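**Student:** The lines below spell out each chain.
2 protein chains.
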Amino acid sequence: MIMKKCYFDHVATNPLHPDVLESMMPYFTEEFGNPLSVYEYGIKAKDAIEAAREKVAALVHAKPAEIIYTSSGAEANNFALRGMALARQNEGKHILVSRMEHHSILNAARFLEKSDFTVTYLPVDKSGFVDPDTVKKMITKETTLISVTHASSEVGTIEQIKEIVKVAKEHNIIVHTDAVATTGNIPVDVQDLGVDLLSMAAHQFYGPKGAGALYVKQGTRIVPLIYGGIQESGRRAGTENVPAIVGMGKAAELAKAEMQKRMEYLRPLRDKIIDTMANVERVYLTGDRTARLPGHASFCVEYIEGEAMLLLLAAKGIFSASGSACSSKALKASPVLLSMGIPSGLAQGSIVFSLGMDNTPEDVDYLSNEFPAVIRRLREISPYAQGWGDREEGGSCTVKK
Amino acid sequence: MIMKKCYFDHVATNPLHPDVLESMMPYFTEEFGNPLSVYEYGIKAKDAIEAAREKVAALVHAKPAEIIYTSSGAEANNFALRGMALARQNEGKHILVSRMEHHSILNAARFLEKSDFTVTYLPVDKSGFVDPDTVKKMITKETTLISVTHASSEVGTIEQIKEIVKVAKEHNIIVHTDAVATTGNIPVDVQDLGVDLLSMAAHQFYGPKGAGALYVKQGTRIVPLIYGGIQESGRRAGTENVPAIVGMGKAAELAKAEMQKRMEYLRPLRDKIIDTMANVERVYLTGDRTARLPGHASFCVEYIEGEAMLLLLAAKGIFSASGSACSSKALKASPVLLSMGIPSGLAQGSIVFSLGMDNTPEDVDYLSNEFPAVIRRLREISPYAQGWGDREEGGSCTVKK
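Top line first, the protein sequences correspond to chains B and G.
All letters in the first sequence, in the order written, are residues 102 to 502 by the working numbering.
All letters in the second sequence, in the order written, are residues 102 to 502 by the working numbering.
Derived by calculation from the structure, the hints in this document are not laboratory data.
Bear in mind the structure is a predicted one, so any value in this text is a computation, not a measurement.
Careful: at least some of the hints might be erroneous.
Rough simulated footprint, nothing fancy, chain G against chain B, three-plus residues with beta-carbon under 8 Å [as the list claims (entries may be wrong)]:
(1) 115-121
(2) 129-135
(3) 138-152
(4) 175-188
(5) 204-212
(6) 328-338
Some residues of chain B that are not near chain G, with every Cβ distance over 12 Å (derived) [as the list claims (entries may be wrong)]:
(7) Ala159
(8) Glu192
(9) Lys194
(10) Ile346
(11) Ala379
(12) Ala486
Computed cross-link-like contacts, DSBU-like style, restricted to lysine-lysine with a CA-CA straight-line distance of at most 35 Å [as the list claims (entries may be wrong)]:
(13) Lys215/G - Lys267/B
(14) Lys215/B - Lys147/G
(15) Lys433/B - Lys145/G
(16) Lys433/B - Lys164/G
(17) Lys147/B - Lys147/G
(18) Lys242/G - Lys156/B
(19) Lys238/G - Lys215/B
(20) Lys106/B - Lys147/G
(21) Lys270/B - Lys237/G
(22) Lys238/G - Lys433/G
(23) Lys105/G - Lys147/B
(24) Lys164/G - Lys215/B
(25) Lys164/G - Lys270/G
(26) Lys357/G - Lys147/B
(27) Lys242/G - Lys215/B
(28) Lys147/G - Lys362/B
(29) Lys106/B - Lys156/G
(30) Lys194/G - Lys215/B
(31) Lys237/G - Lys357/G
(32) Lys270/G - Lys433/B
(33) Lys106/B - Lys145/G
(34) Lys267/G - Lys145/G
The beta-carbon is built from N, C-alpha and C at its ideal position, and this holds for glycine as well.
Make the full structure from the sequences, and use the hints.
**Tutor:** What follows is the structure in structure tokens.
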């Protein structure tokens, strides 16, 4: 018997689009040159990464010169936070970072705290929203930078970046958004958002691993994270990963062309999962119901540990995550979920299904049958599940029944 | 007529070994998982990068746990210099860096100077050697770190790292070596060298771009450059570039197995070029004649600019570099050549031929015919070449005739 395999962890990483892989192949073989070389191999490699830059820029409505390639979204986030904090340190040493951020922002912020910067962590409401009014209250004369994720890959909530930018711009503060989960998946327009810095990662939209980028608004000075040669106008050194960059360009082009179609395909599948789970007792949707990533369905399941669900689902060929990929092996309750007011016991029962274009409606039907069965089975053996009613509801989550 | 193409710029980058590309392919398609995921796609990806780690470790005689993947040699160099300077800042804030270093070391050192560290730049002799006795003299009580390249990609000189380590260890100083040009090309043994940190890049030994590593000796604390998730034991965040890492492992395995054969193939080809050029007037070998990279032939040609030679050679299908790839477009005389006492006028006439396994003896014959002809032609039109004898010899270079 061949087991069904349903990959529902597209926020962790994605399979390459076949056209993306095809676009990359020549740059592994005949076109292997170093973009800095002055002869034809170099010129072709340079042309290829510049053509890709145009496509990446077009995806987010930026100018090509505003795109700096990195090796990952994490590098882009570290570059943004540390590079901008240092670039503006003479104007102030206070930074605002939301509690919804990915570890690459939170841990870079902690590094800055050790380097004599002050970081204030913006609280969020129970849907995971950062309130622009709260941002306003927390701004000081020393504040130079605000970093708020465009959408959390853990709970799918899409933040009101545009409103936060409005507040920031009244105080001449730079705004960075971690758009790793959104770029290529929903419309991301740097001009409409008004941000100064925006991080993205190609493998989040069917591009390759090893390719990310930081949008840096024209005229914005930033201190490099990786020093060296004159690559990326001296702002990010290291021999360019030409095949991966070319793949990122192709993935960006495809994402732009197919975005509407992809969103329309994913939303009903996501909604099917959410609607099914609404009928299962003590399962709570995390994140906002409406302003959420098109393929993202995340829950907290009471009385069960996320890890146990993952393993039982995996045994049925259903692959999902508990919190972010980067933290799922850390075995701690997710700081993002805790910041939303979810009790730590309930946060341990976190599970995320993130859909992609390789998922079929049949995959979703399979999940909709199997997941409630897995929950039932685990509750039968859970010591915590015996005394239902003696404990408080996990009522701080957004969706109740 | 099909033009002959001879790629003599293997220090800039290398074509992938076909077996390396083959090893990478499954990780672009069916095995696309994120190594942090707990289900089978993740486990296979994790197993793949750990298997690669064993091969990379074996290439340099390290333990697998001592290898931290990076996206490039430049990242490894920045990580080493900045990460170690910060990790030991309570013990001292003085660093020694040689003048032979790549831009990624020199510019990271400049960043540290701006961050309240003192950097002393170690002079070199006319062959490009750092003298261990000079190192000894420049050590202060504040010195915590010494960084000397294993070999310069510009002049090919292999440094006496082992002797430098001996001096450093008398003073409890950490030693880093940038082994990007040597790893995979000549024997590199971290235990024999005695270094604490060593940088490498896969594309320097027929592996992919986008994959590098830093060897960090067991028990050595280092501050991360890229913060985030728990990848690389929390020392380097970002979703791992699985295909590139797998390719680096395969390239390391091949390099270890074939190293002797490769060196024996390249050395006579290199020597043929050096011997031919010894017969051309006012062409000087740069770097040491004996302790040099097996495929590396570098010269300064009097009265001619490197750029002009590159272009004329390229028109004949001969692809080479003037100085390091990262600086060749910067249009400045190479700091490495100047540090060796080469006059700046002569340093402008720098050219590097770096050989690889794709070069044939016929390629070298072709170069040996064409290069002297290019020099003759350029000198016919050079205003500087008229008054030969009125000027000093470029006699500070190593090889005279």
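**Student:** Confirm or reject each hint.
**Tutor:** Hint by hint, here is what the structure shows:
By the rule of at least three residues with a Cβ nearer than 8 Å to a Cβ of chain G, the coverage given for the segment 115-121 of chain B holds, with 3 such residues. For the segment 129-135 of chain B, the proposed coverage by chain G is satisfied: 5 residues have a C-beta within less than 8 Å of a C-beta in that chain, meeting the threshold of three. Coverage of a stretch by a chain is defined here by at least three residues with a beta carbon nearer than 8 Å to that chain's beta carbons; for the segment 138-152 of chain B and chain G the count is 6, and the condition holds. Interface restraint, the segment 175-188 of chain B with chain G: holds (4 residues with C-beta to C-beta distance below 8 Å; minimum three).
Residues of the segment 204-212 of chain B lying with their CB closer than 8 Å to a CB of chain G number 6, which satisfies the three-residue condition for coverage. Interface restraint, the segment 328-338 of chain B with chain G: holds (6 residues with C-beta to C-beta distance below 8 Å; minimum three). Residue-level check passed: Ala159/B sits 23 Å from the nearest beta carbon of chain G, beyond 12 Å. For Glu192/B, the condition that its CB be more than 12 Å from all CB atoms of chain G holds, with the nearest at approximately 17 Å.
The non-interface label for Lys194/B is consistent with chain G: the shortest C-beta to C-beta separation is roughly 14 Å, beyond 12 Å. At roughly 9 Å, the least C-beta separation between Ile346/B and chain G is not larger than 12 Å, which violates its mark as non-interface. Distance to chain G confirms Ala379/B as a non-interface residue, since its nearest Cβ pair spans about 26 Å, more than 12 Å. Look at Ala486/B: its CB is around 23 Å from the nearest CB on chain G, clear of 12 Å, so calling it non-interface holds up.
Pair hint Lys215/G plus Lys267/B holds up; C-alpha atoms about 34 Å apart against a cutoff of 35 Å. Between Lys215/B and Lys147/G the alpha-carbon distance is near 32 Å, which keeps this suggested pair within the 35 Å criterion. For a cut-off of 35 Å, the pair hint linking Lys433/B to Lys145/G stands: about 24 Å separates their Cα positions. Proximity of Lys433/B to Lys164/G is assessed by CA-CA distance (about 29 Å); at most 35 Å being required, the pair is judged to hold.
Restraint check for Lys147/B and Lys147/G: the C-alpha separation of about 32 Å stays at or below 35 Å, so the hint holds. Taken as a hint, the Lys242/G and Lys156/B pair is broken in the structure, with Cα atoms around 53 Å apart against an allowance of 35 Å. Distance hint between Lys238/G and Lys215/B is fulfilled; the C-alpha atoms sit about 34 Å from each other, no more than 35 Å. At roughly 19 Å between alpha-carbon atoms, Lys106/B and Lys147/G fall within 35 Å of each other, so this suggested pair holds.
Distance hint between Lys270/B and Lys237/G is unfulfilled; the C-alpha atoms sit about 54 Å from each other, more than 35 Å. Our distance criterion of 35 Å between C-alpha atoms is met by Lys238/G and Lys433/G, whose separation comes to about 31 Å. A C-alpha spacing of about 22 Å is found between Lys105/G and Lys147/B, which places the hinted pair at or below 35 Å, so the restraint holds. Simply put, Lys164/G and Lys215/B have alpha-carbon atoms about 31 Å apart, close enough for the 35 Å limit, and the pair holds.
For the hint linking Lys164/G to Lys270/G, the alpha-carbon distance of about 21 Å falls within 35 Å, and the restraint holds. For the suggested pair Lys357/G and Lys147/B, the alpha carbons sit about 32 Å apart, so the restraint of at most 35 Å is met. With a CA separation close to 25 Å, the supplied pair Lys242/G and Lys215/B stays within the 35 Å bound. This hinted pair checks out: Lys147/G and Lys362/B have alpha carbons roughly 33 Å apart, not beyond 35 Å.
This hinted pair checks out: Lys106/B and Lys156/G have alpha carbons roughly 31 Å apart, not beyond 35 Å. Restraint check for Lys194/G and Lys215/B: satisfied, since their Cα atoms lie roughly 17 Å apart, inside the 35 Å limit. Using a Cα cut-off of 35 Å, the hinted pair Lys237/G and Lys357/G holds, with the two alpha carbons roughly 34 Å apart. This hinted pair does not check out: Lys270/G and Lys433/B have alpha carbons roughly 41 Å apart, beyond 35 Å.
Distance check on the hinted pair: Lys106/B and Lys145/G sit about 15 Å apart at the alpha-carbon level, within 35 Å; holds. With a CA separation close to 42 Å, the supplied pair Lys267/G and Lys145/G exceeds the 35 Å bound.
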